[in-house]
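2 protein chains.
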Amino acid sequence: MDLKFQDGLIPAIIQDRHTGKVLMLGYMNAEAVNKTLESGYVTFYSRARQKLWTKGEKSGHHLQVREIRVDCDRDALLVQADLRGPGCCHMGYRSCFFRKMTPSGEEVFLRREFDPSKVYGEENPESQT
Amino acid sequence: MDLKFQDGLIPAIIQDRHTGKVLMLGYMNAEAVNKTLESGYVTFYSRARQKLWTKGEKSGHHLQVREIRVDCDRDALLVQADLRGPGCCHMGYRSCFFRKMTPSGEEVFLRREFDPSKVYGEENPESQT
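First to last, the protein sequences are chains A and B. Position one of the first sequence corresponds to residue 2 (my numbering), numbered consecutively onward. Position one of the second sequence corresponds to residue 2 (my numbering), numbered consecutively onward.
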């Protein structure tokens, strides 16, 4: 697959294949793409920690790959996945997109599915992206 | 809204609010975010052309904003939108994600909705992102 990486990375949108909800956006380098393909579980490259991280490696909330789509310019991926666990977000929500903008400010519109301190510990090292 | 831009940009996923289909991924700078909010139509910053572009400015296929969501780390946006036209992709498909990876290679799984040369002209200047 001929992908266009920018500074070595390509953004990957993760979508719940059953509900159609967008769960998160992460970044992959070529190694992460290969590991995702080989393992069948979504693996990103963490820009903050500068290393590969398989989503769920700490929480157990893995993202099982069902299909990978490529966009017209080959510079973005859309992964159809099954979320193995109550939430994708390290803050305890099913989706990382749990806030919406309103004229009066931001509003949380999802309910929390789990207590992140119990899943990730106080340090919460599995921050997103 | 306190957003985290990287090199001045934030990725914005555009999702059809009726079907849940992911239509495209683009990038916004602060000015594009403001213009999107003020106009109610999705406006990106084109990295290739280094200027703002309102989706549909050439094709007429605008993206009308219905809701903007922000992710946990405030470094990605998810825009719920109505697509005004037959397709979002400059190659004639409803979604830019019209190809999927298969064990034997890539496969186009969407049908073409319009002839891009008739909408964009031969030069097709409204390339994605």
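Please keep in mind that the hints were generated in silico from the structure rather than gathered at the bench. Among the clues, some could well be false.
A pair counts as met if it fits within one copy or between any two copies, since identical chains are not told apart.
Each computed DSSO-like pair below joins lysine-lysine, with the alpha-carbon atoms no more than 27 Å apart [unchecked claim]:
#: 1; residue 1: 36; residue 2: 101
#: 2; residue 1: 5; residue 2: 22
#: 3; residue 1: 5; residue 2: 101
#: 4; residue 1: 119; residue 2: 22
#: 5; residue 1: 5; residue 2: 59
#: 6; residue 1: 22; residue 2: 36
#: 7; residue 1: 52; residue 2: 5
How the hints compare with the structure:
Taking the shortest Cα distances, residue 36 and residue 101 sit within 27 Å of each other only across copies (18 Å), while inside one copy they are farther apart (33 Å). With identical chains, the CA atoms of residue 5 and residue 22 are at most 27 Å apart both within one copy (26 Å) and between copies (23 Å). Proximity of residue 5 to residue 101 under the C-alpha cut-off of 27 Å is restricted to the inter-copy arrangement: shortest distance 16 Å between copies versus 31 Å within a copy. In this assembly of identical chains, residue 119 and residue 22 lie within 27 Å of each other by CA distance solely inside one copy; the values are 25 Å within and 33 Å between copies.
In this assembly of identical chains, residue 5 and residue 59 lie within 27 Å of each other by CA distance solely across copies; the values are 25 Å between and 30 Å within a copy. In this homomeric assembly, residue 22 and residue 36 come within 27 Å of each other (Cα to Cα) both inside a single copy, at 24 Å, and across copies, at 26 Å. For a Cα distance limit of 27 Å, the shortest separation of residue 52 from residue 5 qualifies both inside one copy, at 20 Å, and across copies, at 21 Å.
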